[in-house]
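We have chain A already, so just place chain X on it with the hints.
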Amino acid sequence: MKGASLAHIVLVIAALAAVPLLTASNVVLNFLVVALLVALVGQGWNVLAGYGGQYSFGHAAFFGTGAYVTAILQMRYGVNAWIAFTLGIAGGALVGAAIGALAFRSGLRGSYFALVTLAFAEVLRILASVAPVTGAGVGILIALDLRPQAFQFQGRVPFYWIVLTLVAVSLLIVRLIEQSRFGAWLVAVRENEDAARAVGVDTARVKLAAMTISAAITAAGGGFYAQYFLFIDSGIAYGPWISIAALLAPIVGGIGTVFGPLLGALVVKTLGEIAKLVTGDAPGLDLVVYGGVLILVVAFAPQGIAGLLTSLRLRFARLRSSPPERAHG
Amino acid sequence: MAEPLLCLQHVCKRCGGLLAVDHVSLAVEVGRITALIGPNGAGKTTLFSIISGFLAPSEGRIFHRGTDITGMPPHLLARRGIARTFQIMQPFAGLTVHENIAIGAHLSRRSRAEALDAAADVASKVGLGQVLERPAASLTVAARKRLELARAVATNPELLLLDEVLAGLNPGEVAAMMPIIRHLAGRGITIVMIEHVMQAVISLAEHVFVLAEGRIITQGAPQEVVGNARVVEAYLGHGAAARLAAAGGTHV
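So the sequences go chain by chain: A and X.
For what it's worth, this note's numbering labels the leading residue of the first sequence as 1, then goes sequentially.
For what it's worth, this note's numbering labels the leading residue of the second sequence as 330, then goes sequentially.
With the rest of the complex left out, here is chain A:
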């Protein structure tokens, strides 16, 4: 059976969990926290686009909602940070369900769906930049309160564990989807909606469920961002940067695969850092690098790094197999 096994997930997470035991470098840890955050956000996108074929350009809508709900509940209503974070995930899921219900009921597909998600994210960004509850143009600062109960920590290591746990959970969720009937239906919707309907798939409902799960995962990333950086504004929370990050990581890593977003996030972030080092941190240069990477991947490895690895493995296996076996194909 293809796809990621449970053992693979345990192995990868264990390897990543060992990093803080090997290094205490803040630079390394900060890099990994951000990369894992992107992997988490990208995994959300991957559920909807990679498995369901519904390409969103507006995952910022869910990331931002997760971030704002987490921050606003704490600062305006005195809600505990962990509860606020959990409600942030729920809020993101709700926004996902609402946008999904509107878009899918109108029968939007392909680029129309992408444009509508982009529009929703932009509307939310503009609303957040003027509404008093979001701190309007000033943004929201989460008051420093370095206690675990407040989801704030002295060092970076606890944050690293938390984001790694979130990524691990997202990997398990996606694997669970891959192994389930819902996952089979979701892939069927991606491959051919009419054929899916003909064999009894309620395509509207499957897409809506995928969008809700996708939004929840991405919202978890938003809530984590708020706690890690303790500041958000409309440009950070609902800005296009995160929508781009959400789709770039899985596309580079391998769309519709369990490990694609994680792999892609690490590769993309590494390239971004190298570009910064080489050029002395010219502003916007990482974006240029990302654009270049995206073009290369789409042109030469449309299945991403994961697809590249699979085809290399197949080629290797074919080279090793004896000639009479080859005659079968």
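Simulated from the structure, these hints should not be mistaken for lab results.
Computed from a predicted structure; not experimentally measured.
For each residue, glycine too, the CB sits at the ideal point set by N, CA and C.
Careful: at least some of the hints might be erroneous.
Unchecked claim - With the C-beta cut set under 7 Å, the calculated list includes, among others, these residues of chain A facing chain X:
{"#": "1", "residue": "P20"}
{"#": "2", "residue": "A24"}
{"#": "3", "residue": "S25"}
{"#": "4", "residue": "R181"}
{"#": "5", "residue": "A195"}
{"#": "6", "residue": "R197"}
{"#": "7", "residue": "V199"}
{"#": "8", "residue": "D202"}
Just chain X now, with coordinates in the frame of chain A:
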């Protein structure tokens, strides 16, 4: 007389100014192979799309086991046991043959393993057992037709709507496909087939409806219908006889 499995009453479909389906009433008896024939553009596929819920009729009602199913969406009809194949094959192109059929099998099976087992079983019955792990996109036309059939059969339908599953096949492939269809009917599946290959219609179908320009012009046992002057005219007028001969090698 037993209640018909499927019953259409005065079904019409307007496409702009054209009446693509014009007051079609017909009844499909349980357990039979019924054929729907007619020249190109007669409205056969449109009628199938209406029955399977992909198009809403402009007028008329459709009953399944006495229940009004007019306007019911395709996935609910599939759950009621009405399955269809597509004339223009619609595989899940990026998936393997096995996965394609499993999606049909999932209709009545939640477990992935059970669906895959059932899919392998169906695949071997329709002669796709050897190509289970091949991507659907890599199949020949004949194999894709079988895949269409297998995916629909995997849903465990009681009524199977086959839209030209023999079209585009060479005589050898047609001959190989016919026992499969007969076997399905033998398992108790009621079959309605749109077909141009007359040899297959005559040997498989117990009842034939002839559709021309959206209307049922006649119906009956295949032998009678084929000799009917109006049918011959409907076909020959459109020059279909030559194409039939080429495709099936029959003498109409």
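Discussion item. Let's test the interface hint: is any C-beta of chain X closer than 7 Å to that of A24 of chain A?
Written reply: violated (44 Å)
Worksheet item: Against chain X, is P20 of chain A within 7 Å by beta-carbon distance?
Response: violated (37 Å)
Fill in: A195 of chain A as chain X interface residue, shortest Cβ-Cβ below 7 Å
holds (4 Å)
Item to complete: Let me know if the C-beta of V199 of chain A comes in closer than 7 Å to any C-beta of chain X, holds or violated.
Response: With Cβ-Cβ at 4 Å, under 7 Å, it holds.
Worksheet item: Should the hint that R197 of chain A touches chain X count as held when the rule is a Cβ pair under 7 Å?
Response: Result: holds, 4 Å to nearest chain X Cβ.
Worksheet item: When the nearest CB of chain X is found for R181 of chain A, is that gap smaller than 7 Å?
Response: Holds. Min distance 5 Å.
Fill in: S25 of chain A as chain X interface residue, shortest Cβ-Cβ below 7 Å
violated (42 Å)
Discussion item. Holds or violated: the hint that D202 of chain A contacts chain X, with Cβ atoms closer than 7 Å.
Written reply: Given a least distance of 5 Å, the restraint on D202 of chain A holds.
Hint check: violations occur at hints 1, 2, 3; the rest are consistent with the structure.
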